[in-house]
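Could you put together the complete structure from these sequences and hints?
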Amino acid sequence: MSKSSISVQNNPSLEDILADDEKVLWSGAPDFGKKLYEMAQTERVLGIGFAIGSVAMLSSLPFVSTKMGGWTIAAWVYGAVIVVFFFALFAMAFDRQFVLSNQAYFVTDRRSIVLRLGRNWRLASRIYVVSCPHAKAFTYAVRRNHPYGCLRVGTLLDKDLVQPFGFGLAQPGQPFLHGRTLVPVEFENIREADYVRSLILAAMPKERVD
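For what it's worth, this note's numbering labels the leading residue of the sequence shown as 264, then goes sequentially.
No lab work stands behind these hints, which were simulated from the structure alone.
It cannot be assumed that every hint is accurate.
Cut-off 30 Å, straight-line C-alpha distance, at most; resulting in silico cross-link-like pairs (BS3-like, lysine-lysine) [to be verified]:
id: 1; residue 1: 266; residue 2: 297
id: 2; residue 1: 297; residue 2: 286
id: 3; residue 1: 266; residue 2: 399
id: 4; residue 1: 399; residue 2: 286
id: 5; residue 1: 286; residue 2: 266
Computed beta-carbon distance windows for the label pairs [unchecked claim]:
id: 6; residue 1: 465; residue 2: 283; range: 21 to 31 Å
id: 7; residue 1: 334; residue 2: 409; range: 38 to 48 Å
id: 8; residue 1: 275; residue 2: 340; range: 45 to 55 Å
These numbers come from a predicted model, not from an experiment.
Where is the CB? At the ideal position from N, CA and C, for every residue including glycine.
Spelled out as structure tokens, the structure:
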């Protein structure tokens, strides 16, 4: 597990975050998922499930008894459930869009950095700086996502991800449960996932030979 950490700052410049002799090798941001209709894999699966469930419910209406207003009650109940389905998908899409639209990624000669714009309980802007030092023991796996890959650069404990209104690094498009102890830190949906991985591996500190 990488020794990742989060710090919170008030609108810092990049120079405030980096050490004096630290060099930026690459910078970027999510290339997909920042628009509501750019659904992640988890969202698409749930959307298909909701659609199948809605069709199944509506298909059963002709078989509902019309006695004592049974058909009308069933129609109202089915309609309410479908509306709930729709708003659940919309909430997930909004959450994902908000998180990914406020992230920036950096690779330096020492670490991988995720910057996340957020707000505190007073609604004041804050910058969450997620720092993941390069570690030879870490795998830096690329998760194949549509249409671009997601590069895992570290892991964090859940307690470090508590952010205002629940909008943190974690969002419904990621394939993991929020209740797990460790949460992956990823450069999400970037075109250059494989290239950035090779860049990080090349930036690893070299073994000293005496």
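Straight-line alpha-carbon gap residue 399 to residue 286, limit 30 Å:
holds (19 Å)
Is residue 286 close enough to residue 266, meaning Cα to Cα at most 30 Å?
With a Cα-Cα distance of about 20 Å, the restraint between residue 286 and residue 266 holds, given a limit of 30 Å.
State, for the Cβ atoms of residue 334 and residue 409, whether the hinted interval 38 to 48 Å holds or is violated.
Roughly 41 Å apart at Cβ, these two residues keep to the hinted range, so it holds.
Between residue 266 and residue 399, does the CA-CA distance stay at or below 30 Å?
holds (12 Å)
Restraint check for residue 266 with residue 297, where alpha carbons must lie at most 30 Å apart
holds (28 Å)
Cβ-Cβ distance between residue 275 and residue 340: within 45 to 55 Å?
holds (52 Å)
Holds or violated: residue 297 to residue 286, with C-alpha atoms at most 30 Å apart:
holds (28 Å)
For the hint 21 to 31 Å, verify it against the beta carbon of residue 465 and that of residue 283.
Hint holds: Cβ distance 22 Å, inside 21 to 31 Å.
In this structure, every one of the numbered hints holds.
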